[in-house]
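Q: Chain residues, written in single-letter form:
2 protein chains.
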Amino acid sequence: MSAITIGEAARRTGVSAKMIRWYEATGLLPPATRSEAGYRHYDDSDLHTLRFVRRARDLGFSVEAIADLLALWRDRARPSAGVKAIAEEQIADLRRRIAELEGMARTLERLAESCCGDERPECPILDDLATEDHSPVPRRAMRGLSERRRARGMV
Amino acid sequence: MSAITIGEAARRTGVSAKMIRWYEATGLLPPATRSEAGYRHYDDSDLHTLRFVRRARDLGFSVEAIADLLALWRDRARPSAGVKAIAEEQIADLRRRIAELEGMARTLERLAESCCGDERPECPILDDLATEDHSPVPRRAMRGLSERRRARGMV
DNA sequence: CCTTGACCTTCCCATGATGGGAAGCCCCAT
DNA sequence: ATGGGGCTTCCCATCATGGGAAGGTCAAGG
Numbered sequence: 049m050s051a052i053t054i055g056e057a058a059r060r061t062g063v064s065a066k067m068i069r070w071y072e073a074t075g076l077l078p079p080a081t082r083s084e085a086g087y088r089h090y091d092d093s094d095l096h097t098l099r100f101v102r103r104a105r106d107l108g109f110s111v112e113a114i115a116d117l118l119a120l121w122r123d124r125a126r127p128s129a130g131v132k133a134i135a136e137e138q139i140a141d142l143r144r145r146i147a148e149l150e151g152m153a154r155t156l157e158r159l160a161e162s163c164c165g166d167e168r169p170e171c172p173i174l175d176d177l178a179t180e181d182h183s184p185v186p187r188r189a190m191r192g193l194s195e196r197r198r199a200r201g202m203v
Numbered sequence: 049m050s051a052i053t054i055g056e057a058a059r060r061t062g063v064s065a066k067m068i069r070w071y072e073a074t075g076l077l078p079p080a081t082r083s084e085a086g087y088r089h090y091d092d093s094d095l096h097t098l099r100f101v102r103r104a105r106d107l108g109f110s111v112e113a114i115a116d117l118l119a120l121w122r123d124r125a126r127p128s129a130g131v132k133a134i135a136e137e138q139i140a141d142l143r144r145r146i147a148e149l150e151g152m153a154r155t156l157e158r159l160a161e162s163c164c165g166d167e168r169p170e171c172p173i174l175d176d177l178a179t180e181d182h183s184p185v186p187r188r189a190m191r192g193l194s195e196r197r198r199a200r201g202m203v
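Chains as they are written, first to last, in the numbering used here: chain A, 49 to 203; chain B, 49 to 203.
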C-alpha cells in the first residue's frame with residue numbers, strides 16, 4: 049500500500065532525500081525498510097515522523113534537540129515538563145541570538161545614518177571600524193564564542 | 049621596534065592566532081613578514097588592520113564583506129556610497145535573520161505558554177509538532193534555503 | 001526484448017568561521 | 001644544556017546542508 053520511495057517522501061514532507069538519508073545515518077531516524085533492490089520505503093507513520101522533524105527544524109531546534117523531542121513524543125506517558133523545558137531552552141537561545149543581532153543592527157544603522165553615502169570619501173562607517181578603542185565591554189559580553197559564531201550565521 | 053609575534057598580536061587585537069593565520073591563508077590579509085626562523089611578525093599598522101577586521105567581524109560582516117571594506121578603507125579616494133551600500137546590505141541581512149528568529153521565538157512562546165509543564169503527559173507543544181498541516185504559507189515564504197540555513201545558526 | 005530516462009544507491013567533497021590537537025622547530029631564562 | 005612556552009604546518013571536527021560522480025533499478029514505449 050503506502051510504500052513510498054525516498055523521493056516521494058521528500059516531496060510529501062518537505063525534507064530533502066539527502067537529509068532523510070543523513071538523519072538515518074546519524075541515528076535521528078531508525079533505518080528505513082528496504083525493497084529487494086535496496087530502495088528505502090516509507091509508510092504513513094514514517095511520513096508523520098518526517099513532518100514532525102521538519103516542523104521542529106523550522107522552529108530552529110537542533111537535530112540533537114529534535115532527537116529528544118522525538119523520544120518524548122513516542123513515550124505516551126512522558127511528563128510534559130520535559131518537553132516544556134526543551135522548548136524554553138530553545139526560546140532562550142533564540143532570544144539570545146536575536147539580542148545579539150539586534151545590537152549589531154542598531155550600531156550599523158546608527159553608523160549608516162551618519163554616512164552621507166555620496167561620491168565624497170568621508171565615511172563615518174570606516175572611521176568607526178578603524179577606531180582603536182571599541183570599549184572592551186561589548187567584547188567581554190560576547191566572550192562565549194559559540195554566540196558570536198552563531199550570530200554571524202555561520203551556516 | 050614594534051615587531052611582534054602572532055601570539056602577542058592576537059592578545060592585543062582580540063583576533064586569535066589561528067584566525068590570523070587563516071585570514072592570511074585565504075587572502076583577506078597579505079602575507080606577514082617573517083623572521084629568519086619563519087616566525088610571523090606584525091607592526092603597528094598590521095595591528096590596526098587586525099582591529100579593523102575584528103570590529104567588522106563583531107558587527108556580523110562576512111569575511112567576504114570585510115575584504116571589500118578593507119579595500120575601500122585603503123583607498124583614500126573612495127566614494128562613501130560604496131561603504132554605505134555594503135553596510136546597508138548587512139543591515140538588511142541582519143533584519144531578515146532577526147525577523148525569522150523572531151517568528152520562531154513567538155511561535156514557541158505561544159506553545160510553551162499553553163503547556164502546563166508538569167508531570168502530566170498532555171502537551172500542546174508535541175501536539176503542534178505532530179500536526180500534519182502547518183499551512184504551507186510560511187514554508188513557501190522560506191523557500192530561499194540559505195535563509196533557513198542561516199536562521200538555524202548553522203554554524 | 002531493448003533502450004531511455006527518471007529514479008535509487010553509496011561515497012566523497014564543499015560550505016563558513018572557528019577551535020583542537022599533533023609533530024616538530026625555536027627561543028629565552030635558569 | 002635543559003625545560004617550558006611559543007611558533008610552524010597539517011589534519012580533523014563542527015552543524016546541517018547541497019552537489020555531484022559512478023553505478024544499479026525500474027517502468028514505459030519502440
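Note that these hints are calculated values from the structure, not bench results. Every residue, glycine too, gets a C-beta built ideally from N, C-alpha and C. Just to be clear, a hint being listed does not mean it is correct.
Label pairs and their in silico Cβ distance ranges [said to hold, decoys possible]:
(1) A:S162 - B:R143: 39 to 47 angstroms
(2) A:E56 - B:R82: 17 to 25 angstroms
(3) A:E112 - B:A133: 34 to 42 angstroms
(4) B:P169 - A:S50: 23 to 31 angstroms
(5) B:E150 - A:T74: 41 to 49 angstroms
Q: Each hint needs a verdict: does it hold in this structure or not?
A: Hint-by-hint comparison with the structure:
no.	hint	result
1	A:S162 - B:R143: 39 to 47 angstroms	19 angstroms, violated
2	A:E56 - B:R82: 17 to 25 angstroms	59 angstroms, violated
3	A:E112 - B:A133: 34 to 42 angstroms	39 angstroms, holds
4	B:P169 - A:S50: 23 to 31 angstroms	28 angstroms, holds
5	B:E150 - A:T74: 41 to 49 angstroms	29 angstroms, violated
Violated hints, in rising order: 1, 2, 5; the structure is consistent with all others.
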